[in-house]
Amino acid sequence: MSASLITECLPQQVLFDSFKHRVSHATNYLILAHGYKHGYAAAEKRFAEARSSAQVDMLTYTFMLELALGLHSRPGRSPLVNETGRTLALGLWDMMREDGLTPSSQFCHRLFAVYAQHGRLEEAEALFASMQAASQTMRRSGEDLAARWAGGDLESVRAFLATASLSGNSMCHTSHSYVRLIEACVMANQPQRAALHLKALQEEAQAKGIFLGHELTTPLLLALSRGGLETLDLALELHQRSFEGGRPCAAAPSIQLCGALLKQRREHAAATTLLQMALPRRDQQWVYSKLEQRLAKLHELTASSQPPERRPELEALLDTVCERFELQRPAEKAAAEQVPAAAPAAS
Amino acid sequence: MQNRGVEPDDVTYNSLISLCSRTLKPDVVRALSTLREMSAVGVPPSDVTLCALTQSLGRANNIELARSQIKELLANQPHLRPTTSTWRPLLHATAVSGDVEMTQTLFDEMKAACGSVLIDP
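First to last, the sequence lines map onto chains A and B. Each residue of the first sequence is one higher than the last, beginning at 1 in the working numbering. Each residue of the second sequence is one higher than the last, beginning at 348 in the working numbering.
Some clues are possibly wrong.
Dumping the calculated DSS-like pairs for lysine-lysine here, alpha-carbon to alpha-carbon at most 30 Å [claimed, not checked]:
no. : chain 1 : residue 1 : chain 2 : residue 2
1   : A       : Lys290    : B       : Lys372
2   : B       : Lys372    : A       : Lys37
3   : B       : Lys458    : B       : Lys418
4   : B       : Lys458    : A       : Lys45
5   : B       : Lys372    : A       : Lys208
6   : B       : Lys458    : A       : Lys199
7   : A       : Lys333    : A       : Lys263
8   : B       : Lys372    : B       : Lys418
To be clear, the hints were calculated from the coordinates, so they are not data collected in a lab.
Extracted from the complex, chain A is given alone in its bound form (with noise of 0.2 Å):
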């Protein structure tokens, strides 16, 4: 590096190093550990002695939050919270605000799946809008921070970091946003506003020249595949157009899919799926034995309940499932598994 570049870049750094991460308050993990040491009622006292005096913040929100969903929901990642887990969460959604603090993602987030257990939908989406807002914000004031930094005007980007809520506006909304909406519309058995989310993600992915991903196409089709029967339509195309773009979904959620299908008697997009879903490597034996079960379930279907001029059809498509598995059919299964048997007899 030159001498000059040097100079140049010391003071940029002596600035970006002066907004390193700070550590609120000390109260913050004991909060924690004393929820989940004694229980709720420990931590909230530990809270409303902190929040006497001031010392709180987003992370102490943020903790009590998780307290208060972790300890009334059933052991595991259910994201079912009995009701008085959902009462806390809404007041310490009041307290905060009454603080005059501003939310992070992940707690507006977590907050769409309450609202959406107590029958209060429309909430949810009131704050996903305020998450919209907010990400114009960001972007805004993020072009004019650019701006002041290549204008090499430091004073000046002091002074916007000072006053400006660049880092205390974390509410913004991601492609996640969408994910947990529509998971809220599916838990409050309302498919069609989770069609009209699911649409929009998929408009603003499209403006934006973004790919919806596993990372997004799993949770969705893990939530939707849960739902009704429109949820499930709603799934099942996309996870077409998923396969027509050039990017499968997943096997776990596509199997999911599957087995929602199958419930249905909706053999022939069950089927389909399995043929649009992204190849299992060899070694992941869970999915090539659920995928057996599956298989043999459609088999039993197509046998039973098809009317006879519709199977023909549908017994194809499930042998180029086999053939793309490398799987055998329940009936060459059989047939192979009754060797071994056979074979000390004739011996």
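Since the structure of chain A is provided, determine the placement of chain B on it from the hints.
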């Protein structure tokens, strides 16, 4: 990279150590052996290395080992400047385990190492 004559630097090693925390089960052994390899090939660890290491050890809930590694690295590598990000994974791990005493201990250690300038009152 090495086969093609590209020498790994601290960014390469930091990425590898960080990767050890992102697997389904954090790979502590590999994280530590990567750190040893760094020293062996003469790539000094950076502040980011310290963060990546505590991420792996914090996710594996191996707090004591993390504390001893931090102490050892800070003692042997005076150029390292730990930040609050170094301790956060450990603080979170102990808090989620409900270990109030250790959370307090870690917080005190963080304060002593980072200086109160990074911590609001």
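Structure-based check of each hint:
no.	hint	result
1	Lys290(A) x Lys372(B)	holds (24 Å)
2	Lys372(B) x Lys37(A)	holds (24 Å)
3	Lys458(B) x Lys418(B)	holds (14 Å)
4	Lys458(B) x Lys45(A)	holds (24 Å)
5	Lys372(B) x Lys208(A)	violated (36 Å)
6	Lys458(B) x Lys199(A)	violated (49 Å)
7	Lys333(A) x Lys263(A)	holds (24 Å)
8	Lys372(B) x Lys418(B)	holds (25 Å)
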